[in-house]
Amino acid sequence: MNDVSFHSFRAQAAQAIANAHLQSAIDGATLKFRTERKRVLADLPDVEAMRDHFKAMRAATLAHLDEYLEEFERNARAAGAQVHWARDAAEAQQIVIGIARQHGATLAVKSKSMTTEEIELNAALVKAGITPVETDLGEWIVQLAAESPAHIVVPALHKTRQQVAELFSREVGRPLSADDIPTLTNEARRALREKFLAAQIGISGANLGVAETGSIVLVTNEGNGRMVSSVPPVHVAVMGIEKICPTWDDAAVWLELLARSSTGQPLSVYTTALTGPAREGDPDGPRELHIVLYDGGRSRLLGTSYEEVLQCIRCGACLNHCPVYQEAGGHAYGHAYSGPIGAVLVPLLVGLEQYEALPHASSLCGACLEVCPARIDLPRMLLDLRAEEVARGIIPPPEQLIEKSAAWLLGHRRLFNALTDLGRVFQRPLVSKNGLRVPRRFNPAQDRQLPSLAPRSFHDLWQELAAEEAAAPVPARRRRPSRRTILTVAGVSLLPLALLWRLLRRKGGKR
Amino acid sequence: MMTDARQEILGAVRGRVRRGEGIPAPWRSRQHFEDLAARFSQTLTALHGEVIRADSSEDALNRLGNVLTNLGATRVVANDEPPLSGVDLAARWPEITWHVVGRTEGDLRAFCAGADVGVTGAVAALAETGSIVVNSGPGHSRMVSLLPPVHIALVPVSCLTSDLLTWAAARSGAWPANVTVISGPSKTADIEQTTAIGMHGPKRVIAILYGE
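As given, the protein sequences belong to chains A and B, one line each in that order. Take 0 as the starting number for the first sequence in numbering that gives the first Met the number 0 and just add one per residue. Take 0 as the starting number for the second sequence in numbering that gives the first Met the number 0 and just add one per residue.
Simulated from the structure, these hints should not be mistaken for lab results. Please note that a few of the clues may not be correct.
What the hints assert, rightly or not - Reference listing, derived: stretches of chain A covered by chain B, where coverage requires no fewer than 3 residues with Cβ under 8 Å from a Cβ of chain B:
id : region
1  : 23-31
2  : 158-164
3  : 271-283
4  : 447-461
Claimed, not checked - Think about it this way: if two alpha-carbon atoms lie no more than 30 Å apart in a straight line, the pair counts; the simulated DSSO-like pairs of lysine-lysine are:
id : chain 1 : residue 1 : chain 2 : residue 2
5  : B       : Lys202    : A       : Lys37
6  : A       : Lys31     : B       : Lys202
7  : A       : Lys54     : A       : Lys37
8  : A       : Lys126    : A       : Lys194
9  : A       : Lys54     : A       : Lys31
10 : B       : Lys202    : A       : Lys194
Cβ coordinates follow ideal geometry from the N, Cα and C atoms, glycine included.
Taking the hints into account, I'd like the entire structure generated from these sequences.
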């Protein structure tokens, strides 16, 4: 996937902001999800305690992940499934391609799966001469348009009905009207039904795995998860190693929270538990079930301060509540995982160097933490990643220069004082009633102001205070400003510098 | 190479995990519905499903016949499970071409793909979410409730339970290869967030809820 620099994130986000259709589509979808989520969560008695329980269960599972993975594998094998392990994307691709080749497959039907997006399976299948067909309507639209998902739950969020009608017309070979969405859906049903019946292999992800029975669970509204796991003779499921829970009691809590947090449904239309391939005497179902347990950088996060991110169940609630995602859209993140979870997960799984901008794609408002069913502290991890960027020098050279100069200047008090004294003189023409006027070049809407330098510096005030104290000793406890006062004053004096820095960065992004 | 990957991943996991507290005691449902059947009906109806109440299994079969007649169904596939098993469907509804799973000869998949209606029983029904639970197994096809445009489920009142949590906690015995929880007809909102019913699965889900 693409590298996401500060520049490219801003450029993509600017495009998204200028796209009126996209903005209203994101607003509409995320508002609906937010409203419905709140409504259906309120139906669950003691939902907050239930979320606490869920978080504790996820954390405890990760603390014993090796044991649960082995238990899962043992039980899945006992049920007749074949379990494979993949360290990285290439290995996972090769396993799936190997299974497809073994069955002479040329056509693969896929249900919606973020993990197979993550490993870029489709491109690998095409290269191997196997045609993958995405069968989730949104994923199919995105595939026909040769694009990537704009939202982890609603992949074709960015497409208008006219664009969809065009893509479908090309696919079915006759013109379709954009006026009637049920007809478009019906055309897709017909076209994809043919693919389901013709495919030699079905590929899916897995929403979760249950260790005690070796089952995997697929959740869909359209039924694509059921189709790929019922109709073709072979089914391959790719699942991240962190998506395990110990028992069916735990799975039930997971499922009670998943759809509610995601689309605001109490349950999605279809929740399917698959325990091995078709049994003897079953009238239908796949002869083979393959489960690919995929690591892809996940095990590396265990035992680190980022382990918590592995509790994620990919509901997308954090996207729907993120002010940055709502403006920037999914594509700015440059990866299948977007929004707050993408901003943390992608740099961790792929690399901070390639995705330097993502930890900054947040206002740190904390909404993602508030709505996460597992209460994953994404804001903390965003800050940790930013700190890591500074420590490892992964920030643009101009910013590094500003930071270094500021550090140097703050270390030379006399020079700093002299410069601020000079500043007090030169700011005069720019000072208005409310502060510094910012030149139009940096402030086209004339809606921003910087505080002016105070008439007297904190340093001066402090020295004066100290002198007074020495001259007329009163009880020191009463005279000395509290630590909070000192910090507040210090903070306020540094504010103009910080604001100036932000302003310069903002300006830099528009270029 | 495969074994290497397995050992390497498990080794990495084992080397890095911080053993903490054990799994907390299971969360038990705190839902309470006065009338499970009423809640089930209300919820499934709100999900674009349909619910028909019947007094007995015989009444349920009569109502099934009415629905099939009203639909003008000519090809119907049915799972071989109560209350259908033991009923001579072809004799009872001779105007319909029946395929009974495991009993009728011929290509089940092709029949399902061309059928007007699929009829199943249910092993459980969840009041909270208006869900019908179906199992795979001998006489129990996965495709009957999936491929035809209409799915009719004959649901005994006795299989109603409060919700997924109570169902999972009470369930005993081995898991069949495929257990599916169905909550209404197949749907999508992938084109301009407009809900459209009947994407891949049935466009209509009709539950005939019968008591004894």
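Each hint, compared with the structure:
1. Check on the region 23-31 of chain A: 4 of its residues sit with their Cβ under 8 Å from a Cβ of chain B, so the three-residue criterion for coverage holds.
2. Here the region 158-164 of chain A counts 4 residues with a CB under 8 Å from a CB of chain B, which clears the bar of 3, and the coverage holds.
3. By the rule of at least three residues with a Cβ nearer than 8 Å to a Cβ of chain B, the coverage given for the region 271-283 of chain A holds, with 12 such residues.
4. Coverage of the region 447-461 of chain A by chain B is violated. Counting CB-CB distances below 8 Å, 0 residues qualify, and the rule asks for three or more.
5. For a cut-off of 30 Å, the pair hint linking Lys202 of chain B to Lys37 of chain A stands: about 28 Å separates their Cα positions.
6. Between Lys31 of chain A and Lys202 of chain B the alpha-carbon distance is near 23 Å, which keeps this suggested pair within the 30 Å criterion.
7. Straight-line distance between C-alpha atoms of Lys54 of chain A and Lys37 of chain A comes to about 19 Å, which keeps the hinted pair within the 30 Å bound.
8. Between the alpha carbons of Lys126 of chain A and Lys194 of chain A the distance comes to roughly 20 Å, so the proposed pair stays at or under 30 Å and holds.
9. Restraint check for Lys54 of chain A and Lys31 of chain A: satisfied, since their Cα atoms lie roughly 26 Å apart, inside the 30 Å limit.
10. Note on Lys202 of chain B and Lys194 of chain A: the hinted pairing holds, with a Cα-Cα distance of about 19 Å set against a maximum of 30 Å.
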